[in-house]
Amino acid sequence: MALKRRRDRGELEIPTASLPDIVFQLLIFFLVTTTIDVDKGLDLVLPPPDTQEIKINPKNITNLLINDAGQILIDEEVVSVGDVDNIIRDKLLENDKLIVSVKTARKTKYDTYIKVLDQLKRAGATRISIAEPEGS
Amino acid sequence: MAFKIEKKTKLKIGIPTASLPDIIFQLLIFFMVSTVLREFTGLKVSLPEASKIEKLPTKRHVTTIWVDRFNNIVDDDVTVKQLTELRTIVYNKLAADPQLIVSLRVDKDADMGIISDIQQELRKANALRINYSALPTH
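Quick mapping for you: the protein sequence lines, in order, are chains A and B.
Taking our numbering as reference, the numbering of the first sequence is continuous, increasing by one, and the terminal residue is 136.
Taking our numbering as reference, the numbering of the second sequence is continuous, increasing by one, and the terminal residue is 274.
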């Protein structure tokens, strides 16, 4: 009986059929967990150099001024950063050709500028003009 | 009856799978070796936060300009000492790659004056597509 059983077993081997699956799992695990940190940010296209100034109907322009202290002025009215979004959205509903002209002072913090730009993007303003800062 | 017995002693047919892991490992190693992650150290900046941020469409056609709070400027691996140098650097990069996007990684405590000066230089170099790097708001 014992002899017969040994013959039944045949060759001893480690099963390798599942190895590719293990390797695939490893591959997929690393594919999923690896994060190549992608740059994210606010897109903007600068105007080409030496462009002649185009006359724009003053009705289609909203001036947005940011001073050194980070205070924001939209069409002669002082507003807070969080309100820019709604004000510009309302203005865009009235006039879809509106161009928002952002003008900063040289000492304005970049952070404030980005916050305002973010608010403008949130309001859906696509026509944004960046004016050169005043003063030096 | 005789026919049935013959069928029991059939041959085992199978594709040898022992070398499959080797093939997959080779693939893995090939992609690991051929993938180039181009990274520059740049400057230490704390980026501003924004909500409406978009991913940069590519990583290949990007040049990064770092500006820290002390107004140091670095473009990829070149330290820009004078702002006028930036125009030539970016112009050459744009000539090599017309699809160039300039990614600005600026410290949130930097002043707008320097940013504006950089933008004027970029305009003169005709590099008009820019991206202000920002972190997502929490």
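Errors might be hidden in some of the hints.
With a straight-line cut-off of 20 Å between C-alpha atoms, the simulated PhoX-like cross-links for lysine-lysine are [unchecked claim]: (1) K40(A) to K191(B); (2) K97(A) to K59(A); (3) K217(B) to K180(B); (4) K244(B) to K103(A); (5) K59(A) to K91(A); (6) K40(A) to K188(B); (7) K103(A) to K91(A); (8) K229(B) to K195(B); (9) K97(A) to K55(A); (10) K217(B) to K188(B); (11) K40(A) to K180(B); (12) K107(A) to K191(B); (13) K40(A) to K217(B); (14) K260(B) to K180(B); (15) K260(B) to K40(A).
In short, the hints are calculated from the structure, not lab data.
Against the structure shown, which of the earlier numbered hints fail to hold, in ascending order?
-> 10, 12, 13, 14, 15
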